[in-house]
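Colleague: Now for the letters of each chain:
2 protein chains.
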Amino acid sequence: MKKKKGSVGIVETKYVELVKDKKEYIKLDCGKDFGPITVAYETYGNLNREKTNAVLVCHALSGTAHAAGYHGNIGNNVGWWDEAIGPGKAIDTDKYFVVCSNVLGGCAGTTGPSSINPQTGKPYGASFPVITIGDMVKVQKLLIDYLGIPKLLGVIGGSMGGMQALEWALRYPDSVCSSIVIAAPARLSPQSIAFDAVGRNAIIRDENWNKGDYYGKSVPSVGLSIARMIGHITYLSDEAMHRKFGRRLQSKNQLGFDFSKEFQVESYLDYQGNKFVERFDANTYLYVTKAMDYFDVAMSYGEGNLEKAMERIKSRMLILSFTSDWLFPPYQSWEMVSALLKLKKDVSYFNIETDCGHDAFLLEIEKEEEIISSFLDATFSNMEKSR
Amino acid sequence: MKKKKGSVGIVETKYVELVKDKKEYIKLDCGKDFGPITVAYETYGNLNREKTNAVLVCHALSGTAHAAGYHGNIGNNVGWWDEAIGPGKAIDTDKYFVVCSNVLGGCAGTTGPSSINPQTGKPYGASFPVITIGDMVKVQKLLIDYLGIPKLLGVIGGSMGGMQALEWALRYPDSVCSSIVIAAPARLSPQSIAFDAVGRNAIIRDENWNKGDYYGKSVPSVGLSIARMIGHITYLSDEAMHRKFGRRLQSKNQLGFDFSKEFQVESYLDYQGNKFVERFDANTYLYVTKAMDYFDVAMSYGEGNLEKAMERIKSRMLILSFTSDWLFPPYQSWEMVSALLKLKKDVSYFNIETDCGHDAFLLEIEKEEEIISSFLDATFSNMEKSR
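Taken in order, these protein sequences are the chains called A and B.
The opening position of the first sequence corresponds to residue 72 in the numbering used here, with each subsequent residue numbered one higher.
The opening position of the second sequence corresponds to residue 72 in the numbering used here, with each subsequent residue numbered one higher.
Among these hints, one or two may not hold up.
Remember, identical chains collapse to one label, so a pair may be satisfied in a single copy or spanning two.
Calculated cross-link-like contacts (lysine-lysine; reagent style DSS-like; alpha-carbon spacing at most 27 Å) [to be verified]: (1) K332 to K98; (2) K332 to K103; (3) K379 to K315; (4) K385 to K222; (5) K332 to K282; (6) K385 to K75; (7) K122 to K75; (8) K282 to K346.
No wet-lab data here; the hints were simulated from the structure.
If you're wondering where the values come from, they're calculated on a predicted model, not measured in any experiment.
The following block holds chain A by itself, in its conformation from the complex (with noise of 0.2 Å):
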């Protein structure tokens, strides 16, 4: 019998300083130290007295800590993987101890460069450093120590989520026992570094972005709501937007030979565009989408080698990619299961089948469900017999 799914309730973000004002730094992968850290993060469900059930949840570009739960009161502010992660979910919080935490250069209450530097008493902007998928997985790291947790059970997140669970595997193979990569490639393609570079063009050429300076004055809002427009394109796929939008129109029965935003696709973009300016900084969006772009870890680990890079992980490996998704394609994940198989490494492959796009690893999770709780299931009676 299936066991009937919950919710983890009421739930809040909490806030630590890992690295400690003008005394601790972090060297990070552009070779300056940096500090002040604080990280923004939450967790789900009881970590056990071993210590040995702890799943850390990466997000995405645009996700923040609270991954489950609500804030405030039951119904409010729902996480951004609430579907996933609770009692009798793929990641089953009645068994295992969920961290979420903000990515190092986020906007959500992890250091960004919308934070204070305390050395000027001004936010950052432009001046906040260059980071890398690894530096975020660094300060992820420091955050795993100070919750006293040795080796994490699993690693899990799609899109930039999934790139820093690969990331783990290879920076830290002997802290992390699973790792599970959904929608999310080895290296970014030169067509997604196209997409990110023309998003970044237009927040940085927005008249209000002044080089990063725009923190309580008028932000680039022109820029920032184009660069999600064009993400959004992205993140669906050719059949989603038959199925969902079609070549209706918004509100009139024909065309009204104007420039209102008349077909329905428009208006859906339109919407989510401004959505994002109310809630997203725009220096992150910059800040992580480079990030993303420099992400190929065949150049960080193997010297341009897929294989040679993967070599180093000692982890479970799962791969997730889905049929549609053209922004990181199952190609990609291919390549990574292909080099994980010729290694003779631990690692399962899964192309789920749909029309979600990129979109998938947060849609269709029901096709994802089964195959989560099996793999993090099957990785804890490992651990646990190996003891």
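Once you've looked at the hints, dock chain B against the given chain A.
Modeller: Below, chain B alone, put in the same frame as chain A:
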């Protein structure tokens, strides 16, 4: 033996006022009467005595009347489809009289939003009427009448030019013997509308756009260049981007950890965006993309039913698509072919293998050449026989 290829040599753009000032108008699809209309056009080769050898070439979004040969001196300013038009080429100017004109709404000689409105003495700007692909074709028909051509041997075009070629076959079934529709759909997909919408959004929200009234002032160069960058991504393919750029850096051997355009693909897009601003009018971009978004021949001629729309076609049809074209993908061409086949119309279809994406219609001339020249020759022979 294959004929040696040559050039049409030095050519000139001609201008003709087809709809006269304050006396004549054409009825646009929006319902408005509009005039005067000047058309910029070029011709190559000679019209035969029987006037049966005329081929109309229709240009894509950013094209002009200058399709072949040189302006000024040999070697200068080569026409946009020079590789396909000339003695011994796909469209052989030793056999055919070739006509190409700038579209209505354009910015290269034909009346468009940057033209002077004689009623105000100022450029139309946003007061220019919203036009359709059908309106462009109506103006081309006036030009063909003016040139004394009773029936075209062929109409040919790629991308938006292909939409015009299809529109000709539907709007003027008795005035065209054959239509060659390259890399074009019977109706724009929501994904294509989405990309167009983001481009228009970038222009309209550029402060310099000023409700379309920017002539003689600062032009909305940021918006237009962003629109063009988005366009260029859609004209290429993932494969072509891997081949052309990969993850190669522009000038440095290592990552710069800054926001410069360090990847080659970033630098390419930036260059394309800036170059476009020098030669293209932002308002024309708005009008022409809107005309494409509105393009839906099933709706215009078949009450939403493509097969019903195609019933009126009397010309031979040649449909070409390219395997890696994801802007106007092969399945869209196949929709047309399938409808034509069901109606037992005279249709040929080739899905050309290439990694060049949508740009293939301009790049894969060698693969298109024999198909196009054989089709035109056969059409010409048929017509001669039936006379």
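Colleague: If you check each hint against the structure, which ones fail?
Modeller: Structure breaks hint 6 only.
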